[in-house]
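Peer 1: Take a look at the letters that make up each chain.
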Amino acid sequence: MPPKMNIEPEPGDQTPEVGAATDVAPLGRDHGKPAHELTAEEDADGTDWGRVAGESEFKGLLASKRRFIVPATIFFVAYYFALPVLVGYAPGLMDTRVLGVNLAYLFALSQFFMAWAVAALYVRAAGGWDETARRIIERLHSSRKEK
Amino acid sequence: MSTPLLMFLIFVGITLVITYWAARRSTGSSAYFAAGRSIKGWQNGVAVAGDYMSAASFLGIAGIIAFQGYDGFMYSVGWLVAYLTVLLVVAEPLRNAGKYTMADVLAYRLSPRPVRAMASLSTLTVSTFYMIAQMVGAGALVSLLLKDSGVTYQAAVVGVGILMIVYVVFGGMLATTWVQIVKAILLMAGTILLSVLVLAHFGFSFGNFFDAIKHVTYHAAAGKVVTQDFLQPGLRYKPPYGALDLISLGMALLFGTAGLPHILVRFYTVPDAKTARTSVVWAMAIIGVFYILTTFLGFGAATIVGRDVISKNGGTNMSAPLLAQAMGGDIFFGFISAIAFATILAVVAGLTISASTSFAHDFWTNVIHRGTERAPGEEVKVARVTAFVVGGVAILIAIVLGPTANVAFLVALAFAVAASANLPVIVLSLFWRRFNTRGAVAGLGTGLLASIVLILLSPSIMTVDPPTVTGAARHLIQSPPLFPLENPGLLSIPLGFLGAFLGTLTGREPSAEARYTELVVRANTGLGAEKATTH
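These protein sequences, in sequence, are chains A and B. For the record, in the first sequence the residue sitting at position 7 is 7 according to my numbering, with numbers rising by one throughout. Here my numbering runs 147 ahead of the position in the second sequence, where the first position is 1.
These aren't lab readings, by the way, just hints derived from the structure by calculation. The beta carbon of each residue, even a glycine, is placed where N, CA and C say it ideally should be. Just so you know, not all the hints are guaranteed correct.
[Claimed, not checked] Part of the chain A face toward chain B, derived, beta carbon under 10 Å:
no.	residue
1	Tyr80
2	Val123
3	Gly128
Excised from the complex, chain A in its bound form:
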């Protein structure tokens, strides 16, 4: 075990404070670790989960996610199951010739583009949620520093 580093200045430490604040690295860290150095547990340590959950911005985040995810999920599940249902119960209809192939193949192919489109819409929406989440976390960290 290496000797324990003492990062706080000892009481009575006579090290002169020379130069502007930008010239020298601070000898101690009176604000604790910066956010990117926190471990997962330190990051969440002492968080009042109920308070975060009660914030209007967090509620808004959940509502916004729900508004996208619930209809999008219902849509893709319905669109997908339309394929086996139609192919299984209306094979004649699905064998109709269209554009040199048949309806069954075109509908199956359309599923790929449907999946990519839903994914693209989701990623666009999620960009906004990232912003909101970042603001919530930042506010939490700054309120913790004030304590």
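Please arrange chain B on chain A, whose structure you already have, making use of the hints.
Peer 2: Relative to chain A, chain B alone:
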């Protein structure tokens, strides 16, 4: 030395270099189990795609399309759309609230020991069954591809098994991920090249290609010549239960993918939830292109090579390699065969690491030793030993079963368990405040049991074979099936949800409900999520 063997050896050489490099870099649990959470979004996306594009899809789907036309393409569709469930519902919350396994998310608010024990059991079931299916397929395939070099089924199984153990034991998640990335890139390159060659064969005319698909000629069982439209649905899934089986298959794919442990562990290898999302998008782009191209592999094999030739030269699984031989001669055959081999190796390695992670992290550390390692690095040690044991058992079972064993149902079983046991409890623990430990244990138990029992009663196990079928290829129970569908999802998924629901209603668990708030905040903001470790 034959071309396929030479190419196999080159690939093995590359992967061993990767493993050596990874072994030197990896120290500590987070490095071993989650590659230090330092995998980039696109890299993880390629690896997720690689984990998913198993030999079953490369060789299996090409084979089903080559023999039964359009119905095989239905698999391709389901395997991509399933990723929307992963993207929209599970990937980000799982990354935010977990550490190494899916059970981490459940253990957050529920009583950890019973929940982890059940989740670990279900993970081991899915991984082991999937692995045995891959190993039997691998042995049969490698011995077929390398039959000119004198490699037997047993030698092939042992070789694949040892390589997979080496990757996982020495290289951990980092090596497994990079082996997967290399293989996925090779697989895509091979598939694109093969597709272009097929199109070139038809003068780059989609019209000519699809015309040929409408008139595929082959000899039926009775010896008479049949001309069949291969775009027509219903060649595989026939009445009376075909339509239900298709829907049931769709359910297993759509809900099972988001519960496959070897896919879920991948989301812990990236730095944060946003990268997890990016990696799903990358995976969807690759998987989508790949499965659209199965059109050319499958129908190409049907029209250019033909069912008759494929049947005489090793059967459905050889469709894609034989197509390569027809298009590009022995060298291209060797290349595509080496890719098939790489695919199997990478996928079994991915399965091994997810099984050993779950045993070491969930069962050993958290269930038996109540969440503390007795010595630093114990968890990694246990995982290495587990990988060794799991690999050894898989080799033994694959050799005992033999190359002709009917194992396709094991893949259906893996998906059914993932969809019926894992997915319901993941979803309910993320979205239902009232959900509790009893619900999770009951849900995992019912889903697991229902899947296994229904598969045992299905035509995969219970079928009366004609006397021409002999040995290990015969079905285990020679009587008419009690459950008519090959895919149990239609019944087992609702049963899994019902079990979880009824289990929850038998009691209230205030601590689980209180911690739900914490889980929701963590899952949606990423607050307190596991961080990347720097190298």
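Peer 1: Now tell me, hint by hint, if it's right for this structure.
Peer 2: Hints and how they fare:
Because the smallest distance between the Cβ of A:Tyr80 and any Cβ of chain B comes to about 5 Å, under 10 Å, the interface hint for this residue holds. Below 10 Å, beta-carbon pairs count as interface contacts, and A:Val123 has one with chain B at about 6 Å; its hint therefore holds. The criterion of a C-beta within 10 Å of any C-beta in chain B is not met by A:Gly128, whose closest approach is roughly 12 Å, and the hint is violated.
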